[in-house]
Amino acid sequence: DAGVIQSPRHEVTEMGQEVTLRCKPISGHNSLFWYRQTMMRGLELLIYFNNNVPIDDSGMPEDRFSAKMPNASFSTLKIQPSEPRDSAVYFCASSGQGAPTGELFFGEGSRLTVL
Amino acid sequence: GDSVTQMEGPVTLSEEAFLTINCTYTATGYPSLFWYVQYPGEGLQLLLKATKADDKGSNKGFEATYRKETTSFHLEKGSVQVSDSAVYFCALYSIYNQGGKLIFGQGTELSVKP
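Heads up: the protein sequence lines correspond to chains V and U, in order.
Under the working numbering, the first residue of the first sequence carries the number 504, and numbering increases by one thereafter.
Under the working numbering, the first residue of the second sequence carries the number 193, and numbering increases by one thereafter.
No wet-lab data here; the hints were simulated from the structure.
This structure is a prediction, so every number in the text was calculated from the model and none was measured.
Treat the hints with caution; some may be incorrect.
Said to hold, decoys possible - Quick list of simulated restraints, FRET-style, between CB atoms: (1) V:I508 with U:I287: 41 to 51 Å; (2) U:P306 with V:E517: 39 to 49 Å; (3) U:D246 with V:E565: 23 to 33 Å; (4) V:R614 with U:K260: 12 to 22 Å; (5) U:K260 with V:R544: 37 to 47 Å; (6) U:N251 with V:A575: 45 to 55 Å; (7) V:I558 with U:N251: 38 to 48 Å; (8) V:G599 with U:G221: 17 to 27 Å; (9) U:E261 with V:I558: 48 to 58 Å; (10) V:E517 with U:R259: 31 to 41 Å; (11) V:S569 with U:T212: 34 to 44 Å.
A virtual CB, placed ideally from N, CA and C, is assigned to each residue, including glycine.
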């Protein structure tokens, strides 16, 4: 079975540019999470969706960040405009209804470098 | 609020050594506890879990016991291998935490030398 699929795996961009990260959760999973990982701050939950609805976006650092989940099989995380401090690895994870809560399946991450 | 504290890394061991990574937590109610592992260049993977007090989670030779009296969930392995080199994250889930969120510790990097 396919796992969580993220794209792009690597993105290098210049400050001020728009960045869009994409995620396809595991089929049948109804919860989707976006995390950011940096050396300084560790793993931070940015936002999570349940049944395509944003439940908690308190971790979104500022208005430059936005996330959408238009359907059960696709989500995007957008940064506009990007800044060097946004450089990090962004992970998408999903979990399934009926599965013990707390069991997340992570994608391989999108490594973002903002110059 | 709920929180997880892990021992700081990096931890460096020789192959076949005994491993302990300490994890303690603060939570309302009765959380579920997890260990996730992140191999270099990859996402996190669930390693093991325990959902109630005195439960023991185990997988791939790793074990951890849910100790409510000491609010701990220490990870142990009797004999580590080079392939166990990774970052290990302790985590808790509680429905009382803002409607249900998985809270991670800061991670402990393990390096196993041949």
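Now the hints, each set against the structure:
no.	hint	result
1	V:I508 with U:I287: 41 to 51 Å	29 Å, violated
2	U:P306 with V:E517: 39 to 49 Å	42 Å, holds
3	U:D246 with V:E565: 23 to 33 Å	43 Å, violated
4	V:R614 with U:K260: 12 to 22 Å	39 Å, violated
5	U:K260 with V:R544: 37 to 47 Å	30 Å, violated
6	U:N251 with V:A575: 45 to 55 Å	29 Å, violated
7	V:I558 with U:N251: 38 to 48 Å	29 Å, violated
8	V:G599 with U:G221: 17 to 27 Å	23 Å, holds
9	U:E261 with V:I558: 48 to 58 Å	33 Å, violated
10	V:E517 with U:R259: 31 to 41 Å	50 Å, violated
11	V:S569 with U:T212: 34 to 44 Å	42 Å, holds
In this structure, the hints that do not hold are numbers 1, 3, 4, 5, 6, 7, 9, 10, in rising order.
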